[in-house]
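Undergrad: Next come the chains, spelled out residue by residue.
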Amino acid sequence: MNPRLTVVTAGRVLRQVLRDRRTLALMLVVPVVLMCLLAWIYADGPLFERVGPTLLTVFPFVVMFVVTSVATLRERTSGTLERLLTTPMGKGDLVLGYALAFGLLAVVQGVLVTTVSVWLLGLDTAASSVWLVLVVVASGVLGTSLGLLASAFAATEFQAVQLMPATVLPQFLLCGLLVPRDQLPRALELVSDVLPLSYVVDAATAVAGQVQPRADLATPLLVIAGWILVALVLGSLTLRRRTP
Amino acid sequence: MIDAVEVEGLRVVRGGRLVLPGLDLQVPAGQIVGLLGPSGGGKSTVMRAVVGVQRVDAGRVEVLGLPAGHPDLRHRVGYVTQAPSVYGDLTVAENVLHFARLLGVRDSASAAREAIERVDLTSHARSRTDALSGGQRSRASLAAALVGRPELLVLDEPTVGLDPVLRRDLWALFRQLADDGVTLLISSHVMDEASRCDRLVLLREGQVLADETPTALLERTGAADAEGAFLFLVDGAAT
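Taken in order, these protein sequences are the chains called A and B. Okay, so the first sequence: first residue is 1 according to the numbering used here, each after it adds one. Okay, so the second sequence: first residue is 1 according to the numbering used here, each after it adds one.
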């Protein structure tokens with residue numbers, strides 16, 4: 001592994017994304033629009049306060065998952081991956097380069113959508129908004145890492161997009177948004193205990209309900225960090241220099 | 001003579017099909033070796049094995065004295081795939097510069113400019129590669145390999161879709177590189193490019209039909225050109 005190659009890769013990926021207006025819009029504008037819609041739907045009730053913080057963290061997760069998995073797959077299918085792997089580039093350099101580029105975009109996305117939600121839409125959390133930004137960004141980076149890993153299981157961009165409903169929607173049902181996780185049937189609760197999105201929701205709940213969320217944030221943030229690490233390591237292990 | 005590439009008993013099965021049953025091949029250093037034959041004959045598989053991206057079932061592939069795919073070879077071997085492998089949403093200059101940086105080329109900007117000039121794409125350096133013609137894109141892909149100044153260049157059908165003038169210019173470039181000491185392994189299914197090579201390897205269904213100089217091949221088969229020699233050898237093998 002070589003940090004220089006990671007940075008060169010991240011720079012190249014960023015350049016590609018910045019040139020692609022529609023992808024940029026999907027990443028930065030779509031979560032904002034969704035939050036505006038949500039505020040509008042719940043205009044006359046307390047529900048925006050209740051589900052707002054959770055959905056604010058779920059949207060970036062989903063968007064970053066899709067964008068990253070398709071972008072990574074393009075590398076795999078365009079022949080450039082085979083070429084890259086004949087250069088001094090390590091598999092870890094490539095995966096980290098992608099993670100760094102999309103991670104930076106996730107930071108921009110997280111700051112933007114949280115700012116709009118808090119100051120424009122009046123989303124109120126017990127804890128400071130800084131904690132909210134942190135959780136939103138962590139969720140976006142988690143989506144990026146899982147998207148990187150997921151792209152290994154798709155052969156075409158068409159399949160990569162289909163992975164989203166297959167892997168994200170079940171997590172959405174079990175993450176505690178519809179029914180709190182401790183009230184789920186025992187078997188489902190155990191499943192939700194290992195799914196990464198559950199911890200994003202746990203973290204969002206802590207920020208929404210507690211003035212000092214630090215203690216309750218520690219476990220979910222650690223689990224999220226662990227998932228990010230595992231996804232990146234597995235993602236680079238799925239790259240093969242030699243293929244059949 | 002030292003061999004830049006030595007292949008011994010290479011056996012490759014792809015998707016349940018035996019592509020190479022046991023191939024032997026030598027590429028002498030500093031020469032242009034043409035790998036000729038119909039598509040599906042195993043040319044690309046041989047090249048992928050030489051650059052170390054092909055999973056092989058048996059055999060030995062040695063490149064510049066090291067096993068193929070060795071980390072030390074990644075600076076020294078340039079590989080251009082049949083389908084141009086460049087980023088369509090980046091310009092020619094950005095693509096070539098990217099590979100220069102990955103290869104750790106010193107003064108990467110001027111190295112990139114020079115490589116682009118060598119493939120005659122300077123006027124298109126600032127165009128996105130997905131806006132280029134097929135021939136231009138494959139030259140951009142070639143420039144990305146040249147920029148690292150490799151000792152061995154493995155080129156899979158580099159002249160497909162090029163007009164005769166460009167083809168002539170590229171072969172002149174290949175000759176110039178060989179004169180500078182670079183070894184080139186070039187595949188083609190265009191038989192009339194055979195005369196430009198120092199050695200020819202005729203490959204059909206994973207078997208080497210001939211491995212000799214163009215002159216020797218024509219003398220031995222009594223054919224007027226490589227195409228005739230190829231037909232002669234195929235007919236001879238059939239009877």
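Honestly, the hints are just simulated from the structure, not real lab data. Some hints here could point you the wrong way.
A few chain A residues that don't get close to chain B, going by computed Cβ distances all over 12 Å [stated by the list, open to error]:
| # | residue |
| --- | --- |
| 1 | Thr9 |
| 2 | Val33 |
| 3 | Met89 |
| 4 | Gly90 |
| 5 | Gln183 |
| 6 | Leu222 |
Listed next, with one range per pair, are the computed distances between beta-carbon atoms [said to hold, decoys possible]:
| # | chain 1 | residue 1 | chain 2 | residue 2 | range |
| --- | --- | --- | --- | --- | --- |
| 7 | B | Ser39 | A | Arg240 | 43 to 49 Å |
| 8 | B | Gln26 | A | Arg22 | 48 to 54 Å |
| 9 | A | Leu190 | B | Gly40 | 33 to 39 Å |
| 10 | A | Cys36 | B | Asp120 | 48 to 54 Å |
| 11 | A | Arg21 | B | Arg168 | 51 to 57 Å |
Remember, it's a predicted structure, so these values are computed and weren't measured experimentally. Think of the CB as a built atom: it goes at the ideal place given N, C-alpha and C, for glycine as much as any other residue.
Undergrad: Honestly, which of those hints from before does the structure not fit?
TA: 1, 3, 4, 7, 9, 11
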